[in-house]
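Produce the complete structure using the sequences and hints provided.
Protein chains: 2
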Amino acid sequence: MKKKSIGVGLIGLGVVGSGVARVLASKAEVLAEQAGCPLVLKRAKVLEADLAKPLAKEMGLKFFTTDADEFFAEPDIDIVVEAIGGEMPALDYLKRAITGGKHVVTSNKEVIAKHGAQLFALAQQQGVGVHYEASVGGGIPLISPFQHDLVANRISGIYAIINGTTNYILTRMAREGTDFPSALKRAQELGYAEADPRNDIEGIDATYKLAILASLAFHYQVQPRDIHCEGISRLDSLDFKYARELGYAIKLLAIGKQADNLIEVRVHPVFIPEESLLAKVDGVYNGILVEGDLVGRVLFYGEGAGALPTSSAVIADVVSAARDIVTGAGSRARWWLEPGKKIKPMAELETRYYLRLNVADRPGVLAQVAKVLGEQKISISSVIQKAADSVAQTAEIVIMTHPAKEAAMQPALGELERLAVVKAISNFIRVEA
Amino acid sequence: MKKKSIGVGLIGLGVVGSGVARVLASKAEVLAEQAGCPLVLKRAKVLEADLAKPLAKEMGLKFFTTDADEFFAEPDIDIVVEAIGGEMPALDYLKRAITGGKHVVTSNKEVIAKHGAQLFALAQQQGVGVHYEASVGGGIPLISPFQHDLVANRISGIYAIINGTTNYILTRMAREGTDFPSALKRAQELGYAEADPRNDIEGIDATYKLAILASLAFHYQVQPRDIHCEGISRLDSLDFKYARELGYAIKLLAIGKQADNLIEVRVHPVFIPEESLLAKVDGVYNGILVEGDLVGRVLFYGEGAGALPTSSAVIADVVSAARDIVTGAGSRARWWLEPGKKIKPMAELETRYYLRLNVADRPGVLAQVAKVLGEQKISISSVIQKAADSVAQTAEIVIMTHPAKEAAMQPALGELERLAVVKAISNFIRVEA
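Chain order of the listed sequences is E and F.
Numbering of the first sequence is given in the numbering used here, commencing with residue 790 and proceeding in unit increments.
Numbering of the second sequence is given in the numbering used here, commencing with residue 790 and proceeding in unit increments.
It is worth saying that the hints were derived from the structure and are not from the lab.
Just to be clear, a hint being listed does not mean it is correct.
Just so you know, same-sequence chains aren't split out, so a pair can sit in one copy or run between any two.
Derived DSSO-like pairs (lysine-lysine); straight-line CA-CA distance at most 27 Å [what the hints assert, rightly or not]:
no.: 1; residue 1: K1069; residue 2: K1046
no.: 2; residue 1: K1069; residue 2: K1030
no.: 3; residue 1: K1166; residue 2: K1194
no.: 4; residue 1: K1131; residue 2: K1046
no.: 5; residue 1: K1046; residue 2: K1130
And the structure:
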């Protein structure tokens, strides 16, 4: 199909939507070269409040509509860019666009993580593409590598720092010895964390992204609810101190592994060796390490969020959709599931653990702790007894275990908590080698 | 065009060719899913000597031919994989395949660097694709990100460790204080360096790869001969010692920059800050940092060579070509040049320099050296006078300069060499911040 131009429709005029509108205008010439045809922004569906924004005035108000029906009635739109985020009404808009035979581009991790399979199936029926590079890792190529560059690989592992907010907080805690509340406050002041930061700090955002990557990598529909998730709020500056002494960094990792048709997916803080490359991924940057049987280990690194990096990915997707239209290729990326796979129960996880216990400062305590662990067949790799608090008559014990089953560790933690000499299980963190 | 299967023809049964043949066979099922159609290896053009290889016997000798005419007469080949390397006859084979209407996939950096433009033009006429992901960085996605994911960006810089052999040698020299000859010897024993290592250690291999990346990134046909190239053989263990003292690592970097339509391309050893991510890319690994106006800095990291990683990239290209055939898209990647650009002369380079001088151990020497640099308007950032050799009555001076023009530094080096008090310019290395 030889077209004179390709029409783009935009939903949303927030950070991402505004960035996309600006780039489509300012780079029209080079994008036309890339796409093989001019890309013309035809219409935008926005909220009432968006109409007051300077960009809306620059572009001309007749360009905008607050009415979804009017937007979807526009005949010259070939590609719909959804940039509003959140589950609803984004899902409805995407379905409506696909059903109307339009290619869609979205930066919406929640919708893709929860409803991707449904959208891909609908798009396949309609012969259009669903593009979502911007949903994970901002401008870092991730979806595209899984869909194209790594297709010959059986992926065995994904180890990803994919939430910039938490990585910024952890970096500050590690570098400056800050406690969690003040590092969070600083992140909020800088605009790296939202006023209500729960989605980031509790790991929820990372589960959406991991669900997307793991589904692509393992050819199994991983749902966010399948993912074991723990946030970073229970980390203490002491944990960073001991981690460093032991040669580790602490990161919030999104981990996906595949072995024997069992898929392991979890998001939680981990100890990783401080000389590993992932340990060097600091601040708001993201780093995603992928292990494949052919390619070995590859790492992708960059800014995981922000208007410009996210626009970079959205526009790349728009160009890709445009090439599919220009070449008449329909949708090119393939989505299929391999049968016989299932999620590995968290209880079957086997890993090393770091334990920090606040105990009574008196002889025989370590023996009691060791006995509880031993009864669960958890063997200790090293113990550090830390300076005691002479007023409270307590001491701190830091334990690194050998690999142990989560099914053994959880009851052991329960037992430890019941010991009279254990004042508190101050923390326990899994170790990823 | 609905096809029952897609025929692949293979040229070469070396490390890469054998890897590709094995993967096509062992992963037939998953590759058929990915391509949308089975991929069938139809015929291989090999050398007489290859027929004795175990793989040739496994696959059946009738499958092979040593006769190029017979290979190209095979009607059922849709995609030709060229895996022989070197300029000739690879270039002829690729042209012949393209002219015959076949898509081509190659891992041949030399042919693409020197003759890419010609092949792309020919392929465009024929409506087929030239795929060369495996030509740079083994299985690390690099060509594809430039062709797809980063298309919305104006790329300002590429900073790449893209030769595993030299990076292995430099890593050993840095970690173990080894001198260059023994580090090279060790690399040869491990199979990381060839018996004749010049292509790697003189930086030539890196210029081919940089020519490919820079051409893609800057939309200008960069030829290998445009690239200023220096190898690593003049590096001494002392340079690593001083680099560490000053807070730097030494890497062979392939650097491409674009500003004001001037393109700067060079391959030479550099000092880079030891806390930078590229400084952590060690051993045979490759790391490629790309700077774009939207995406910011992204880094790609992985194994840059080897049968399996390279096969990962070749097969991904085969699948991509197959999708183009299945969807009737012809070639999808676009190749075009932007007018008005030119190569920046090396003399106009402005950078900081590290100088190591062997001088007479007597008063007033530093004043003479400083005077020569001052006359060329090169200002000194720091000087370290190193332990003297009391027998030879010489001392070592290590100088870090402020940013200076190459056009000033080169004559200054000439002047320094002529000073009676300067016994030798032991080394000079550019600094990349």
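Now the hints, each set against the structure:
| no. | hint | in the structure |
| --- | --- | --- |
| 1 | K1069 - K1046 | both (22 Å within a copy, 25 Å between copies) |
| 2 | K1069 - K1030 | both (17 Å within a copy, 23 Å between copies) |
| 3 | K1166 - K1194 | within (9 Å within a copy, 66 Å between copies) |
| 4 | K1131 - K1046 | within (12 Å within a copy, 48 Å between copies) |
| 5 | K1046 - K1130 | within (12 Å within a copy, 47 Å between copies) |
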